[in-house]
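Peer 1: Taking the hints into account, I'd like the entire structure generated from these sequences.
Chains as they are written, first to last, in our numbering: chain S, 2 to 365; chain F, 48 to 574.
To give a feel for the contact side, a few chain S residues facing chain F, derived at Cβ under 7 Å:
| hint | residue |
| --- | --- |
| 1 | 22 |
| 2 | 149 |
| 3 | 153 |
| 4 | 154 |
If you're looking for bench data, these hints aren't it; they were derived computationally from the structure.
Glycine residues also receive a C-beta, built at the ideal position from the N, C-alpha and C atoms.
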Amino acid sequence: MRDSKKAILVSVITVLIVAIASVVLIEPYYITETFATCDRPYRDSVEGELDYLIIGSSHALTGFYMPIIDEELSCNSLNLSGGVMPWRAREEILKKEVNRNPVKTVVIEIAYNAVDRDIYDAEGNAYLLPRLDSAKSRITYLLKNETLDNYGTIYSHSLRNGLHVAVHMAYLTYKNIGTSPKKLYNILIDGCKDVDFSKKTNGIRGKGEDLTLSYDEIKESYNSNKISFKDATDNFEQIDKMVNICRENNAEVIFVVTPIADRVIWKYDNWDAFYDVTKDLGEKYSSKVYDFNLLKDRYALFSDSKSFSDDHHMCEEGAKAFTEEYCKIMNKINAGEDVSNLFYSSYEEMKADSPYMKYYNKNR
Amino acid sequence: MSITSFTFILFIFATLILYYVVPKKFQWVVLLVASTVFYLLSSLKGAVFVLITAATVYGATQWIQSVTDKQKQYFKENKTTLTKEDKSAIKEKNKKIKKAIFLSALILNFGIMCVVKYSHFAVDTVNSLFSAGINNEFSLIVPLGLSFYTFQSMGYLINIYWGNYKAEKNFLKVLLFVSFFPQMTQGPISEFDQLSNELFSEHKFTYKNYSWGFQRMLWGFVKKMVIADVMAPWVKDVFENYNSYTGITVLVGAFMYSVQIYADFSGYMDIMCGYCEMLGITLTENFERPYFSKSIAEYWRRWHITLGAWFKNYIYYPIGISKWNRNLGKKLTEKCGKSVGKNLPATLALIVVWLTTGLWHGATWAYVAWGGVNGLFIIVSMWLEPVYAKTKSALHIKEDKWLWRAFQTIRTFVLVTFIKVLPEVGTLSQGFGLWKRIFTALTQIPNSVSQLIPFIQIDKWIDIFITVGIIGLMFILSLIQRKNQVRIYFNKIPIVIRIFVLLILTFFVVYVGFSAEATGGFMYAGF
Numbered sequence: 002m003r004d005s006k007k008a009i010l011v012s013v014i015t016v017l018i019v020a021i022a023s024v025v026l027i028e029p030y031y032i033t034e035t036f037a038t039c040d041r042p043y044r045d046s047v048e049g050e051l052d053y054l055i056i057g058s059s060h061a062l063t064g065f066y067m068p069i070i071d072e073e074l075s076c077n078s079l080n081l082s083g084g085v086m087p088w089r090a091r092e093e094i095l096k097k098e099v100n101r102n103p104v105k106t107v108v109i110e111i112a113y114n115a116v117d118r119d120i121y122d123a124e125g126n127a128y129l130l131p132r133l134d135s136a137k138s139r140i141t142y143l144l145k146n147e148t149l150d151n152y153g154t155i156y157s158h159s160l161r162n163g164l165h166v167a168v169h170m171a172y173l174t175y176k177n178i179g180t181s182p183k184k185l186y187n188i189l190i191d192g193c194k195d196v197d198f199s200k201k202t203n204g205i206r207g208k209g210e211d212l213t214l215s216y217d218e219i220k221e222s223y224n225s226n227k228i229s230f231k232d233a234t235d236n237f238e239q240i241d242k243m244v245n246i247c248r249e250n251n252a253e254v255i256f257v258v259t260p261i262a263d264r265v266i267w268k269y270d271n272w273d274a275f276y277d278v279t280k281d282l283g284e285k286y287s288s289k290v291y292d293f294n295l296l297k298d299r300y301a302l303f304s305d306s307k308s309f310s311d312d313h314h315m316c317e318e319g320a321k322a323f324t325e326e327y328c329k330i331m332n333k334i335n336a337g338e339d340v341s342n343l344f345y346s347s348y349e350e351m352k353a354d355s356p357y358m359k360y361y362n363k364n365r
Numbered sequence: 048m049s050i051t052s053f054t055f056i057l058f059i060f061a062t063l064i065l066y067y068v069v070p071k072k073f074q075w076v077v078l079l080v081a082s083t084v085f086y087l088l089s090s091l092k093g094a095v096f097v098l099i100t101a102a103t104v105y106g107a108t109q110w111i112q113s114v115t116d117k118q119k120q121y122f123k124e125n126k127t128t129l130t131k132e133d134k135s136a137i138k139e140k141n142k143k144i145k146k147a148i149f150l151s152a153l154i155l156n157f158g159i160m161c162v163v164k165y166s167h168f169a170v171d172t173v174n175s176l177f178s179a180g181i182n183n184e185f186s187l188i189v190p191l192g193l194s195f196y197t198f199q200s201m202g203y204l205i206n207i208y209w210g211n212y213k214a215e216k217n218f219l220k221v222l223l224f225v226s227f228f229p230q231m232t233q234g235p236i237s238e239f240d241q242l243s244n245e246l247f248s249e250h251k252f253t254y255k256n257y258s259w260g261f262q263r264m265l266w267g268f269v270k271k272m273v274i275a276d277v278m279a280p281w282v283k284d285v286f287e288n289y290n291s292y293t294g295i296t297v298l299v300g301a302f303m304y305s306v307q308i309y310a311d312f313s314g315y316m317d318i319m320c321g322y323c324e325m326l327g328i329t330l331t332e333n334f335e336r337p338y339f340s341k342s343i344a345e346y347w348r349r350w351h352i353t354l355g356a357w358f359k360n361y362i363y364y365p366i367g368i369s370k371w372n373r374n375l376g377k378k379l380t381e382k383c384g385k386s387v388g389k390n391l392p393a394t395l396a397l398i399v400v401w402l403t404t405g406l407w408h409g410a411t412w413a414y415v416a417w418g419g420v421n422g423l424f425i426i427v428s429m430w431l432e433p434v435y436a437k438t439k440s441a442l443h444i445k446e447d448k449w450l451w452r453a454f455q456t457i458r459t460f461v462l463v464t465f466i467k468v469l470p471e472v473g474t475l476s477q478g479f480g481l482w483k484r485i486f487t488a489l490t491q492i493p494n495s496v497s498q499l500i501p502f503i504q505i506d507k508w509i510d511i512f513i514t515v516g517i518i519g520l521m522f523i524l525s526l527i528q529r530k531n532q533v534r535i536y537f538n539k540i541p542i543v544i545r546i547f548v549l550l551i552l553t554f555f556v557v558y559v560g561f562s563a564e565a566t567g568g569f570m571y572a573g574f
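Peer 2: Dropping the structure here:
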């Protein structure tokens, strides 16, 4: 055999051996519901039933308490959000669900730190992979939406989680030796189901942290950073695609900004640059835009002392409070009421009412 | 392009396949193209510097060679007409021409290296000595592998000047020698006659080269990514916060640094030597179980072997055998005895070698001091050799006994570790501060494992277990390697088990080495 053929054959065999071994170890992670990102089997089980979807990043995943959405808005909802979810990943998941469900409303969550999020985000894409249908769709997605250098991190993440599930499966197999293959398969799938997605609270965090700034922090951190955005052309193209998917399926689009800790807003200047981005989106698509950081009651409803587990994510108590308020406002809108008086007209106006501002002005 | 990235792995496999696809006489061309691509992807602007070095070295060596060849030819053609004096005069004239060419190319290339690498150091030193207030905020392009490829190409230039072999006529082959990507960023620093044989010969694909090379390359990735890259943040934590840790913790950190730097550097060597083996190319070894050395001098014959050889061949010997040094030796022998006559000239050469070695490693006084301390140990050992011999004889110490060898090995490892950490902490005073912390806070005993090693996240126990396990394996393999290459034993194992072992190592690299934890962690991993 010629040298070139030998070299190619041996290299291909090397890659194949590693690939097959990897698939054996990783596939259990993709087919079970062991981790909070593994919602594909559940979404397949409720195909054709969903009419209210929420898609965003971790702000939305932790902020919306979905059982309250179902009850107060009389719908069958699902939160499709994910941690550091790149916009291309959001489009991928949303497209699938809007096309196979009778969706009436899609809430697109926009966070200030997601506007110019990198299109190639290893972490966000690593969380996306088990939510895709098949090996082919995963490979196609990665080839189109990831850099070569991030493949290693994504591979490692999948292998780690896969090993975790594979070890558990090996234990269950050992305990059920002698069972028929079909029965054993079901035992393995059910046995590795650590997350009950039907409760719709897989993203909700537990207790909150007291994030209230000390007086010195109030003084030192006021407007100590500035909001600005890099080129986000690709992300806006994805938003465009998402809105078009919704329109093609007669689903209403609502843009929402979930609350973040007041102390983050306190530390950054130029928030109205972000507010302008959201307003522009609303105008462009003739869609409603609700920034819940600007809710006039936010200081009472979502306080830094009890509503957040960290700067950007609500805890369970905060999520319930926010979702209840969100549903109240949505019901008012659906009843034809004008809710604009419930919101500040700018971040500057909102900051002026901040409890931190009282301390700041008093002691300047 | 980082060597521990997916891109690099794809790149080397693509190069490997192309290497064996093309006709054998063009295999070196594939390597040249690959080296060019590698360098352009890693450092586009720096590529200009590599080109300058290759062009000036090629031009100078061609010129020197043509002067030599023309002289030979002239002498041959005028054998009967030229007198001895005529020949001497022509030789003298040509010698001056060759020296001028040689020095010009040498000064230009070392000059570029010095300006790029040492400008800030020089300005800092002048400013602190003379309060000159010179602006040190300028930035310079530092080409990738500058120190390595400069030394390698200057070695070639020096050998041509010395007439050790003929200059290569093909510029592209010289360019490949200068820029060969497996070795240009971290060595080994090769000699042209050895490397050119490997690079420009035709290589057949053999299963043995592929499998043995792959095994070594994989082991290199394991050392680099599972040991070195994992330990790097731990070591960094200790070095940055040594004053907050107990003496034992800082000592543990220092030993960890020794393990980390060995795994990093030798891991890189294994990756590149293993890859070259897959291409049928043998690179010079750069490490030979250095932590089993019994003296500092032996350590430096086993650690970064090719750098030591370069300094020995091109600095130590030229100084050692120079006319003035030999004359000095003769005079000292007459006046002060054989020992002084032999050791003092050697000492002078060693001082130059070690100070420049320190400077080569880093542009700070801490590195110069590090080189000086290494040199000091070697010089003092050289002078005290007779005293050691008498002491060992008086104490009836048998050199071949394992207890004595173990003592020497551990002693050398501890000394080498202490010397190593000196420039790594930051400034020289910080280095001394770390030494001081070890000794003054040694009596503060940590009362738990987490206090002993507070820089390690115990909850990542699987990763730590794998890393510690691989360190243990590395130690065991080093012991086996003493007798014979580990791969000889490994390749006697049934192929299925071999594949299983290699898969486990691959998954360790992926699990630990490519993990998000290795680069700071996934923010939402707890989700």
